[in-house]
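Number of protein chains: 2
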Amino acid sequence: MKELAKELNVSVATVSKALRDSHEISEQTKKTILEAASRLNYTMNPYASSLRNKKSKTIAVILPEVADNFFSLAINGIQSVAERKAYHVLIYLSHEKFLNEISIVNECNSGRVDGILISVTSETTNAEHIKKLLDENIPVVFFDRKIEDIHAASVTTNDYESGYQAALHLIDNGCHNLAFLSISASLSICNKRADGFKAALIEKNINETGNAIVECRGTNAEVYAQIKKLLTGDNPPDGIVASVERLAMTVYLICNETNVSIPDELKVIVFSTMETAPILNPPLSTITQPAFEIGKTAAELLFKGIEKKKYNLADEAIVLPSVLVARTSSLMS
Amino acid sequence: MKELAKELNVSVATVSKALRDSHEISEQTKKTILEAASRLNYTMNPYASSLRNKKSKTIAVILPEVADNFFSLAINGIQSVAERKAYHVLIYLSHEKFLNEISIVNECNSGRVDGILISVTSETTNAEHIKKLLDENIPVVFFDRKIEDIHAASVTTNDYESGYQAALHLIDNGCHNLAFLSISASLSICNKRADGFKAALIEKNINETGNAIVECRGTNAEVYAQIKKLLTGDNPPDGIVASVERLAMTVYLICNETNVSIPDELKVIVFSTMETAPILNPPLSTITQPAFEIGKTAAELLFKGIEKKKYNLADEAIVLPSVLVARTSSLMS
Numbered sequence: 126m127k128e129l130a131k132e133l134n135v136s137v138a139t140v141s142k143a144l145r146d147s148h149e150i151s152e153q154t155k156k157t158i159l160e161a162a163s164r165l166n167y168t169m170n171p172y173a174s175s176l177r178n179k180k181s182k183t184i185a186v187i188l189p190e191v192a193d194n195f196f197s198l199a200i201n202g203i204q205s206v207a208e209r210k211a212y213h214v215l216i217y218l219s220h221e222k223f224l225n226e227i228s229i230v231n232e233c234n235s236g237r238v239d240g241i242l243i244s245v246t247s248e249t250t251n252a253e254h255i256k257k258l259l260d261e262n263i264p265v266v267f268f269d270r271k272i273e274d275i276h277a278a279s280v281t282t283n284d285y286e287s288g289y290q291a292a293l294h295l296i297d298n299g300c301h302n303l304a305f306l307s308i309s310a311s312l313s314i315c316n317k318r319a320d321g322f323k324a325a326l327i328e329k330n331i332n333e334t335g336n337a338i339v340e341c342r343g344t345n346a347e348v349y350a351q352i353k354k355l356l357t358g359d360n361p362p363d364g365i366v367a368s369v370e371r372l373a374m375t376v377y378l379i380c381n382e383t384n385v386s387i388p389d390e391l392k393v394i395v396f397s398t399m400e401t402a403p404i405l406n407p408p409l410s411t412i413t414q415p416a417f418e419i420g421k422t423a424a425e426l427l428f429k430g431i432e433k434k435k436y437n438l439a440d441e442a443i444v445l446p447s448v449l450v451a452r453t454s455s456l457m458s
Numbered sequence: 126m127k128e129l130a131k132e133l134n135v136s137v138a139t140v141s142k143a144l145r146d147s148h149e150i151s152e153q154t155k156k157t158i159l160e161a162a163s164r165l166n167y168t169m170n171p172y173a174s175s176l177r178n179k180k181s182k183t184i185a186v187i188l189p190e191v192a193d194n195f196f197s198l199a200i201n202g203i204q205s206v207a208e209r210k211a212y213h214v215l216i217y218l219s220h221e222k223f224l225n226e227i228s229i230v231n232e233c234n235s236g237r238v239d240g241i242l243i244s245v246t247s248e249t250t251n252a253e254h255i256k257k258l259l260d261e262n263i264p265v266v267f268f269d270r271k272i273e274d275i276h277a278a279s280v281t282t283n284d285y286e287s288g289y290q291a292a293l294h295l296i297d298n299g300c301h302n303l304a305f306l307s308i309s310a311s312l313s314i315c316n317k318r319a320d321g322f323k324a325a326l327i328e329k330n331i332n333e334t335g336n337a338i339v340e341c342r343g344t345n346a347e348v349y350a351q352i353k354k355l356l357t358g359d360n361p362p363d364g365i366v367a368s369v370e371r372l373a374m375t376v377y378l379i380c381n382e383t384n385v386s387i388p389d390e391l392k393v394i395v396f397s398t399m400e401t402a403p404i405l406n407p408p409l410s411t412i413t414q415p416a417f418e419i420g421k422t423a424a425e426l427l428f429k430g431i432e433k434k435k436y437n438l439a440d441e442a443i444v445l446p447s448v449l450v451a452r453t454s455s456l457m458s
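Sequence lines, in order, name chains A and B.
Each residue of the first sequence is one higher than the one before, starting from 126 at the first, in this note's numbering.
Each residue of the second sequence is one higher than the one before, starting from 126 at the first, in this note's numbering.
Here chain A stands alone, though its shape is the one from the complex (with noise of 0.2 Å):
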C-alpha cells in the first residue's frame, strides 16, 4: 500500500480506504487506486503471507451442486470468515459424483491447502477418503451434509426435528396421503428428515398403506418422470414435504402443466432457503436453514481447527436450528 500511495502521490489511508471501497472516497480516485493497484502486481496479504509461513493460506470447501441457494448462502458465510482471516478459497464441485468426491480429496491432500469444508455427494456412504486427511492432521469440517460413520467436527441443523413439524404442519392443514421426496436412501440430512417425517406418519396414524419415501434418483428429466408418474398415477398424494429445493421447483413445473392446483388438491413444503419462495405462485412454505450462518460457524471452527493444532476438533457437532415458513402452498384455504 506504500508503494501504491507513492505512485499516486496520496496518503496510504485514502489508498486502503479506496481498496475497501470506502464511501469517503469518490469513484474517480477509486478507479485511479484500482488501476495503479493493477499495474504494480498488487495483491492481498493472503499471497504474500503464504511466502512468510509456508503455508498455503487457502482452504478448500467441496460441493455437491451450487444451483441450489443453500450451497450460495454457505458459500457466502464461508467467505466472510475467510475474508476476516485473509485466506483464499477454492471451490470444488463434485456434482454429486462419489469418485469426483475422492478425486478431490486426494487433490487436497498435498499441501494445496490448510483445511477442508465438506458437504458430501448423494452418493457417499464410505469415509476412507475422509479417514486419510484426518490421519495427515489436516482439520476438517463437515457442514450440512456428513458422514455418520467416521468421528470429525460437523455443523448441521435439525434435520429429524424439522423433517417431523414438516409432516405434522402437512396433517394439520388436512394431508392425509403424505409423500417425502428424498434425493438419496445414503445421505444423512434425507434420512433423518425422513425419519422425522415417518414418526409424524405414525403418531398421528395416517399414511399405513401408501409408500411414504419416494426416492427421486438421476438426471432431471428422469426425477422429472418419477415425480410426474406420482403425482398423476393412481393415488396421487395430497401433501408433499421436499428434501431439497430444485424437487419441489419441479413439483411446481409438473402441477403447472398438469392443472394440478397447489394448495387446493396437494399441499407442498420444502427445506430451502430461496429467496423467490415469497414470489412464486403460489408463495412457497419452506423450512429455511440457516445457511449463512452454517457456512459461517464451519469456517469458524476450521480456522480454530488451522490456527491451534491441539485443538480437538472432532469433538465439536454444532446444531443450528431451522425455521418453519408457512405460505399458501401448504396451508387449508
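What the hints contain is simulated information worked out from the structure, not anything from laboratory work.
Small disclaimer: the values here were computed from a predicted structure and weren't measured.
Be a bit skeptical, because a hint or two may be false.
Note that identical chains are pooled: a pair holds if it fits in a single copy or bridges any two copies.
[Said to hold, decoys possible] In silico lysine-lysine, BS3-like type, Cα no more than 30 Å apart, as pairs:
id, residue 1, residue 2
1, Lys210, Lys257
2, Lys180, Lys257
3, Lys180, Lys256
4, Lys142, Lys127
5, Lys142, Lys354
Given the structure of chain A, go ahead and fit chain B onto it with the hints provided.
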C-alpha cells in the same frame, strides 16, 4: 481399474461400467465397487496423468458469483468439457470485487492451472492483470463478461440486440416510461444491453425526459432502497428491463410488498436463465441466454489453446444468441 477388478474378482468392464454409473450394474455392486475404490485410494485420470505430463491438468474458472442461475449453468457447460478431457476445475469467486479478481489471477499465474476461463467483476475496467497471463502464454477465454480493451478470446451473447428487442417488446406492449436497471456503468454486458435499449427508445421517440438508465450499486439493502425509491417515487416507470436476475427478483419482492400490480401497473422483463420464471407470480418474461452453451463453448476454445500452443486463440470472438420468452409479466392484459 485392473487392480480394482482383481481385488473384487469382477471384470474390468464391470468396474468401468460401475464407475460410469451405468444402469447395467446393480446398486449393490456399484456400492461395493465405489467402496473399494475409496479404500484403494482410486484417483481419476487427472491426478495420475499430471505426474506424467508435468501439466497441472487443472483449469480455473473465475466468476463474480454463483447465486445467479446463469453461472450455475455455465459451470455445468464448462464441467461437461473438462470431464471429457479428464481435467479438474477450480472455481474462484471474485464476489464482484476487482481486487479479489487481481489476487486470484495472480495466484493462477504460477503453474497451478493450464488455462483460465473468466467472467469479470462489475468493478473491472483495467486489463493489466489479464495481459500478464497472456504475456506468459497462459490461455485465457472470457465468457459472458469481458474487458473491451484487450485482444483475447471471448464467448458472449448478443447483448446489444437483446437489449434493443427487450425495449421494443415493452413499447409494443404499451409502455411509455421505461427504465433499464444496470449493475455497473463499466461492465460490457450492461453497457451493450443498455445501448440497445436506448436505441429502441430513440427510434420510438419515447422517454425523452426520463432518466432511463438506473445504476443499482452497493449492498443488497442499498439496491433494494434504490429500486424502491424508483418504483414508489414521482413518475415511476411503467416498464423495466433488468440486466441481471437478482434485480428482477428485487423488483418482484418490492411490488409484492407495495401492492404494485405486474403487469397492469408495471411490466418487467429480465436477462435470466432461471428455471422458476414460469412459476413466479406472475410468470416472468426473460431474455434467456444460452448459459450452458456459453460455458461449453468457452471451455472447448480454452482446450484448443491448451492443446495447440500455436493456435491463435485471441482472434476467437464467438457470439451465441439469446431468446426472448414473453410471459405474463411483460404482456398487455
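Going through the hints against the structure:
1. With identical chains, the CA atoms of Lys210 and Lys257 are at most 30 Å apart both within one copy (26 Å) and between copies (27 Å).
2. Taking the closest pair of Cα atoms, Lys180 and Lys257 come within 30 Å of each other both inside a single copy (20 Å) and across two copies (25 Å).
3. In this assembly of identical chains, the alpha carbons of Lys180 and Lys256 lie at most 30 Å apart whether taken from the same copy (22 Å) or from different copies (28 Å).
4. For the homomeric pair Lys142 and Lys127, the shortest alpha-carbon distance inside one copy (13 Å) is at most 30 Å, but the shortest distance between copies (59 Å) is not.
5. In this assembly of identical chains, Lys142 and Lys354 lie within 30 Å of each other by CA distance solely across copies; the values are 28 Å between and 58 Å within a copy.
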